[in-house]
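S.K.: Starting from the known structure of chain A, fit chain B onto it as the hints suggest.
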Amino acid sequence: MEKMNAVDDPFKKIFSNAKAALIGLKSNMTIMSGGFGLCGIPENSINALTEMDINNLTVISNNIGNSGRGLVKILVQKKIKKAFCSYVGGNPDLEKQILNNEIEVELVPQGTFAERIRAAGMGIRGFYTPTGYGTVVADKKEVKVFDRPCLLELPLHADFAIIKAQKADRYGNLWFKETARNFSPLMAMAAKVTVAEVEELVELGDIAPEDVHVPGIFVQRIYQGCDYQNDIEFLLTEENQ
Amino acid sequence: MSWSKDEMVDKIISLIEDGSSVNLGIGMPTLIAERIPSDKNLMIQSENGVLGVEGRPKKDEVSPTLINAGKETISIKKGASFFNSALSFGMIRGGHIDYSILGGMEVDVEKNLANWMVPGKKITGMGGAMDLVNGSKKVIVMMTHFSKKAQPKLAKKCSLPLTGCNVVDLVITDLGLFKPNGNSFDIIELAPGVTEQQCKLP
Numbered sequence: 112m113e114k115m116n117a118v119d120d121p122f123k124k125i126f127s128n129a130k131a132a133l134i135g136l137k138s139n140m141t142i143m144s145g146g147f148g149l150c151g152i153p154e155n156s157i158n159a160l161t162e163m164d165i166n167n168l169t170v171i172s173n174n175i176g177n178s179g180r181g182l183v184k185i186l187v188q189k190k191i192k193k194a195f196c197s198y199v200g201g202n203p204d205l206e207k208q209i210l211n212n213e214i215e216v217e218l219v220p221q222g223t224f225a226e227r228i229r230a231a232g233m234g235i236r237g238f239y240t241p242t243g244y245g246t247v248v249a250d251k252k253e254v255k256v257f258d259r260p261c262l263l264e265l266p267l268h269a270d271f272a273i274i275k276a277q278k279a280d281r282y283g284n285l286w287f288k289e290t291a292r293n294f295s296p297l298m299a300m301a302a303k304v305t306v307a308e309v310e311e312l313v314e315l316g317d318i319a320p321e322d323v324h325v326p327g328i329f330v331q332r333i334y335q336g337c338d339y340q341n342d343i344e345f346l347l348t349e350e351n352q
Numbered sequence: 043m044s045w046s047k048d049e050m051v052d053k054i055i056s057l058i059e060d061g062s063s064v065n066l067g068i069g070m071p072t073l074i075a076e077r078i079p080s081d082k083n084l085m086i087q088s089e090n091g092v093l094g095v096e097g098r099p100k101k102d103e104v105s106p107t108l109i110n111a112g113k114e115t116i117s118i119k120k121g122a123s124f125f126n127s128a129l130s131f132g133m134i135r136g137g138h139i140d141y142s143i144l145g146g147m148e149v150d151v152e153k154n155l156a157n158w159m160v161p162g163k164k165i166t167g168m169g170g171a172m173d174l175v176n177g178s179k180k181v182i183v184m185m186t187h188f189s190k191k192a193q194p195k196l197a198k199k200c201s202l203p204l205t206g207c208n209v210v211d212l213v214i215t216d217l218g219l220f221k222p223n224g225n226s227f228d229i230i231e232l233a234p235g236v237t238e239q240q241c242k243l244p
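Chain order of the listed sequences is A and B. Each number in our numbering comes from the position in the first sequence (counting from 1) with 111 added on. Each number in our numbering comes from the position in the second sequence (counting from 1) with 42 added on.
Source of the hints: derived by calculation from the structure; they are not laboratory data. Even glycine gets a Cβ: it sits at the ideal position worked out from N, Cα and C. Each hint can be trusted.
Footprint (simulated), chain A over chain B, 3 or more residues, beta carbon under 8 Å: (1) 91-97; (2) 121-130; (3) 199-211.
Just chain A, same shape as in the assembly (with noise of 0.2 Å):
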């Protein structure tokens, strides 16, 4: 493997590129994929993911990317099974393959969506939400009364999450930058092993204690990324609403 020396990388977790931290992710994995739309999404590692030869992934993302763009260049190679996501609006590539029973959609609400994420990552074996009650999200799943009905909810685990972040030091700790972070922290303590890509790779301690908004225990593997597109999906302004 193509990694830093000693001195660089105290804990072994940097790695040179992209195709170098995705190494053992293989066909018919669970991969998570960090990112809102658009943003915050793991630009690097998904177009690795293009360049291998792998197929019959189980992708979990909100969106799975949007008109061409993110995950949606996986999905057009027809490497993905099977989507667990909340919301597809504008992806017209996953709805064309929905209605032709090419891809196996579980469509889940969003905040039943993080909290599964976030239960595998903290050892939570199932919890009771009302979310989804009374609708096709409850088809087959256990009621409970509590004050009111509740379905029965699993968490969500992974093989692999790619995530991106604004910044890591060398032992993973990482900082997002705004509303970048949404879905990644969760997904990084739900994987067996959690691949950063990120935009600066900086020393231990340039990252504040009390800044760390993922704390590198979860991360396994880091790597600086490049090009980042940083796309915007629906560019408004006061000049231009």
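M.R.: Coordinates of chain B only, in the frame set by chain A:
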């Protein structure tokens, strides 16, 4: 006569107490953020991980990592905070958000809401709507009174797939303000010149 969109928005704003936290759904409800008077202090939450949304950024202050749940660029106000999706939905599901204002396709007399899916039409997914209607302290649905096919959207029983059961507190349409009461809808207020017969309540 009926209320314009702006008049519906202003009516809702007048109902919300100063200092409240509010989540705004995609579509018509997002107009609310743009019409809040400067002397009203509301904290607008967006479920992708921000509390304290203000409005739109200036052209040279746009940030690709600062967006709302509609994936539109936003600006934030002083006192805002960022957080991850679990904490964001903890605010929503834990009963900490005062008002959720959503668009609607149908509301029925038993406080059920349908707003996420039309069978056979485009598939979009429910996003955070099912969490918002079950978790927020008050749920207000904002919609046109009649569908494009001229069917009243205030129904005896929703015919479309539900978003939530027994969740709607108040409905505002271009014709008035209504509250589901189990048998029909109480009329809280009608827009100027609108009659009860026009509303075709179940």
